[in-house]
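So you can see what is in the structure, the chains are spelled out below.
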Amino acid sequence: MSRKRLSSVLAMGLMGLVPFVVAAQPAAAASSVTSQYIDNVSNLLLAVALPITIIVEGVLFYAIWKFRKADEAKPTQENRRLEITWTAATAVVLLFVGLVAYGAMGSPYVLPSQEDSQQMMEQPDTTVVHVDSYQWSWQFHYQHDGTNFTSDKLVLPAEKQVVLRITSRDVLHAVHIPALGLKKDAFPARTTYIATEINEDSVREEPYVLYCAEFCGAGHSSMLADVVVKNQTAYEQWASEQAQQAREEASESSGSQSSSDSNTTNTTATNETAMNATAANETAALAAPSA
Amino acid sequence: MAVSPELVFSVLMGLLLLVVAGWLTRLEDWQAYTPVGGGGYGESTGHGHEEKPAGLTRWLTTVDHKDLGILYSLFGIVAFAWGGITAMLMRVELTTPGMDFLASFGGVGLYNALLTTHGITMLFLFAAPLIFGFANYMVPLLVDADDMAFPRINAIAFWILPFATILMWAGFFLPLVGIDIQAAKTSWTLYTPLSSTMQGTGVDVFLLGFHLSGFSTTMGAINFIATIVAERDSVSVPWSKLDIFSWTILTQGGLILFAFPILTAAVTMLLLDRNFGTMFFAGEGGGAMLWQHLFWFFGHPEVYILVLPPMGLVSLILPKFAGRKLFGFKFVVYSTLAIGILSFGVWAHHMFTTGMNPRLTASFMAISLAIGIPSAVKVFNWITTLWNGKLRMTAPMLFSVGFVQNFIIGGVTGVFLAAVPFDLVMQDTYYVVGHFHFIVFGAIGFALFAAMYYWFPIMTGRMYDRRLALWHFWLSIIGGNITFIAMLILGYGGMPRRYATYLPQFMTWHAVATVGAFIMTFGVVAFIWNIWQSAQYGKRVDSGDPWNLKQSDQFTNEWQWYEGKRQTMLADGGEEDADDAESNAAD
Chain G
1 MSRKRLSSVL AMGLMGLVPF VVAAQPAAAA SSVTSQYIDN VSNLLLAVAL
51 PITIIVEGVL FYAIWKFRKA DEAKPTQENR RLEITWTAAT AVVLLFVGLV
101 AYGAMGSPYV LPSQEDSQQM MEQPDTTVVH VDSYQWSWQF HYQHDGTNFT
151 SDKLVLPAEK QVVLRITSRD VLHAVHIPAL GLKKDAFPAR TTYIATEINE
201 DSVREEPYVL YCAEFCGAGH SSMLADVVVK NQTAYEQWAS EQAQQAREEA
251 SESSGSQSSS DSNTTNTTAT NETAMNATAA NETAALAAPS A
Chain V
1 MAVSPELVFS VLMGLLLLVV AGWLTRLEDW QAYTPVGGGG YGESTGHGHE
51 EKPAGLTRWL TTVDHKDLGI LYSLFGIVAF AWGGITAMLM RVELTTPGMD
101 FLASFGGVGL YNALLTTHGI TMLFLFAAPL IFGFANYMVP LLVDADDMAF
151 PRINAIAFWI LPFATILMWA GFFLPLVGID IQAAKTSWTL YTPLSSTMQG
201 TGVDVFLLGF HLSGFSTTMG AINFIATIVA ERDSVSVPWS KLDIFSWTIL
251 TQGGLILFAF PILTAAVTML LLDRNFGTMF FAGEGGGAML WQHLFWFFGH
301 PEVYILVLPP MGLVSLILPK FAGRKLFGFK FVVYSTLAIG ILSFGVWAHH
351 MFTTGMNPRL TASFMAISLA IGIPSAVKVF NWITTLWNGK LRMTAPMLFS
401 VGFVQNFIIG GVTGVFLAAV PFDLVMQDTY YVVGHFHFIV FGAIGFALFA
451 AMYYWFPIMT GRMYDRRLAL WHFWLSIIGG NITFIAMLIL GYGGMPRRYA
501 TYLPQFMTWH AVATVGAFIM TFGVVAFIWN IWQSAQYGKR VDSGDPWNLK
551 QSDQFTNEWQ WYEGKRQTML ADGGEEDADD AESNAAD
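Protein chains in written order, with the UniProt record's numbering: chain G, 1 to 291; chain V, 1 to 587.
One chain only, chain G, in its complex shape:
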């Protein structure tokens, strides 16, 4: 019976999935903890979906090929068992997808809640960067040795917990760093968070790209920024230099500061207010229901 054959083709197909699933071991060279989780999910999904897609498409083509010159059509017969079988089989596959995804979602590095992010930011060892977006550029605010400074590059340390606090001054934007597996939307009057830890292997001179991923008007496609991942010593050095420079510029005179051979500017005073303002927002956001 060719209906039997159809079900056996399907069954073999499902059996054929097993080696793929087993073979889909965690990706060796993930760039960050976040992308490690996401790559795992992504690879598992691909390992399941690719064979399923190929098998179903294959059965479709085979059916067309085989019955294209059939002499006559056999009348359709109901087959409740077959219907229930494939409904259940689909449900099992999708349940698997759900479980794999849910497993990764438990990590605060994938889907940090407001509370998770607050807690992480309070840990002394965490590097916190306030990502401020506006039409059409980015500013990254740091605090180091009690000094605030601003950079137009996102410089991050490897092997250290990092929290990005993301806000917008005008319309929606989104932080999108595909190489590190990081993405989150930026809202005005609301703070969102990315939490991650970048792997040592991702340290390199050449910057990664941060894209704006939420359509924000005329300058959307040029709203890019460099992301530099440094090892911890290099990062400490960079941050101290920046902080030092900011202090010097502040003490010189608050009026004229045009020596912008580095890409930082002294905005200590304004920055402080900005930081305070967002802190206030955070409290408000925490109080409000977070969806």
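Mixed in with the good hints there might be a few duds.
List of simulated lysine to any residue pairs, SDA-like, C-alpha gap at most 20 Å [to be verified]: (1) V/325 x G/70; (2) V/330 x G/70; (3) V/390 x G/136.
Quick list of the computed label-pair ranges, beta carbon to beta carbon [unchecked claim]: (4) V/178 x G/169: 31 to 37 Å; (5) G/218 x V/525: 29 to 35 Å; (6) V/330 x G/200: 36 to 42 Å; (7) V/21 x G/58: 54 to 60 Å; (8) V/546 x G/65: 48 to 54 Å; (9) V/505 x G/57: 28 to 34 Å; (10) V/279 x G/153: 34 to 40 Å; (11) G/153 x V/278: 36 to 42 Å.
These aren't lab readings, by the way, just hints derived from the structure by calculation. Don't be surprised by glycine CBs; every beta carbon is placed ideally from N, CA and C.
Use these hints to put chain V onto chain G, whose structure you have.
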């Protein structure tokens, strides 16, 4: 008050237009120069009589569901052309990373306007009206009704559309005649605060048009529900014998009734925010999240509003050319209803990256995955229908199996996106673009092409050109898969969507996508040419059963009606004039 020259000019212009309109309505047959006479679309209009005037007046005043079906279809094809042209302008621009092709016409601004109008046009002015076109023509025939339940509302619903469209497209043409109303550059999702703060009357004009098109859709939906429930001949077509296409149209109507009021409300609030200083979507109030929740509470059911009837079309057409009845008819109906209900519980999967509560995220993921079950079940049903059949690979059949092929990829990539961690990196990249193009063009578009070829004999009395139809199919399926797979690959590489310019590393796959888009365009040109030519000069259908459906006992209501119409015509066939002898008019 002084009479300005402009005013005088306007009045004169208005009078002139009235004269022209009057002259056009007096033309008995405005396409009479065509060799066979009659011409135009649908039944020929050689003679006017009281119920159905001739010439242009007929098309402007008709309340006949068949005429309105043809008008909807024509409208859909015009919108399809506009959507296609805008897509090709973007694709050509994207061949190279920089801004060059469009640079001298408006650069990034024009690109952003194009992406906005492309999305809106294809969803609201191509797909939805074309579905309504077929439903208008066929549903009353399929359920043995005399006409739609409310013929006049039917006409109003249609005639709102051209005006809505003029408002939505105006921004592209008004600057050419010196009026400073720019096309909206908001993207079709109209996210606030960008859409609420963007300067320019063009956005308001566009929003009004969008608003109007919503009224049209809602009126149409009410009409379809009323027709299927109340006008259906309950003796010849009891619920148990209702065809699958009407089932999907009924479900679609229900979805529209619940989804479109939300859109109407949201767009109203947006217009108020823009023009009257309200603060619905301002930062401190409900804010940007409120817009997203409202928009997607409408927007995701809208996806199923657009995809369910095409699924119904394929479920209807596929068995006809497989020579056997649809496998698991009941399951297909149940899965349609299941999708309809579940579609209201998935909207926030468009918002996984907004930092909403992770627990909520998980529940939206669960429902989004669950909706994959009925969708997959349908695919298995279609394939099983083919199995053991006697397949006839006609154009409608090719497009139906093409639908299934594309829908498998579109569906699987959709399941990926439902998985939150995956979505967290792929949201707003070309992966999403590739996924929904597989659905909107590869599935919805293909089903509509299948329906167009399948019912072409009924709607025009003529047969399409088979060779052109084959070209259309092969170019569409090859070009479509090239373009949309290239988009998926771009998404894996991190390429964000809605970028007028991009980094050179993405160039190869963008170029591939453009090549595929050109292949598709040739296919679409073949389609439009075929429809246009065959409707006027195609070979006349010589029986009431051009598809040989009687053989497999699938000679359904609309074909029975058509056969009846042909017989009446023959019985009536006096030789009054050449037009009449050849025509197949039979009211």
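Hints and how they fare:
1. V/325 x G/70: 16 Å, holds
2. V/330 x G/70: With a Cα-Cα distance of about 26 Å, the restraint between residue 330 of chain V and residue 70 of chain G is violated, given a limit of 20 Å.
3. V/390 x G/136: Violated. Residue 390 of chain V to residue 136 of chain G sits at ~60 Å, over the 20 Å cutoff.
4. V/178 x G/169: 31 to 37 Å: 36 Å, holds
5. G/218 x V/525: 29 to 35 Å: 33 Å, holds
6. V/330 x G/200: 36 to 42 Å: 58 Å, violated
7. V/21 x G/58: 54 to 60 Å: At roughly 58 Å between Cβ atoms, residue 58 of chain G and residue 21 of chain V fall inside 54 to 60 Å, so the hint holds.
8. V/546 x G/65: 48 to 54 Å: 26 Å, violated
9. V/505 x G/57: 28 to 34 Å: Given about 30 Å between the Cβ atoms, the range holds.
10. V/279 x G/153: 34 to 40 Å: 36 Å, holds
11. G/153 x V/278: 36 to 42 Å: 40 Å, holds
The structure does not agree with the numbered hints 2, 3, 6 and 8 stated previously, though it agrees with the rest.
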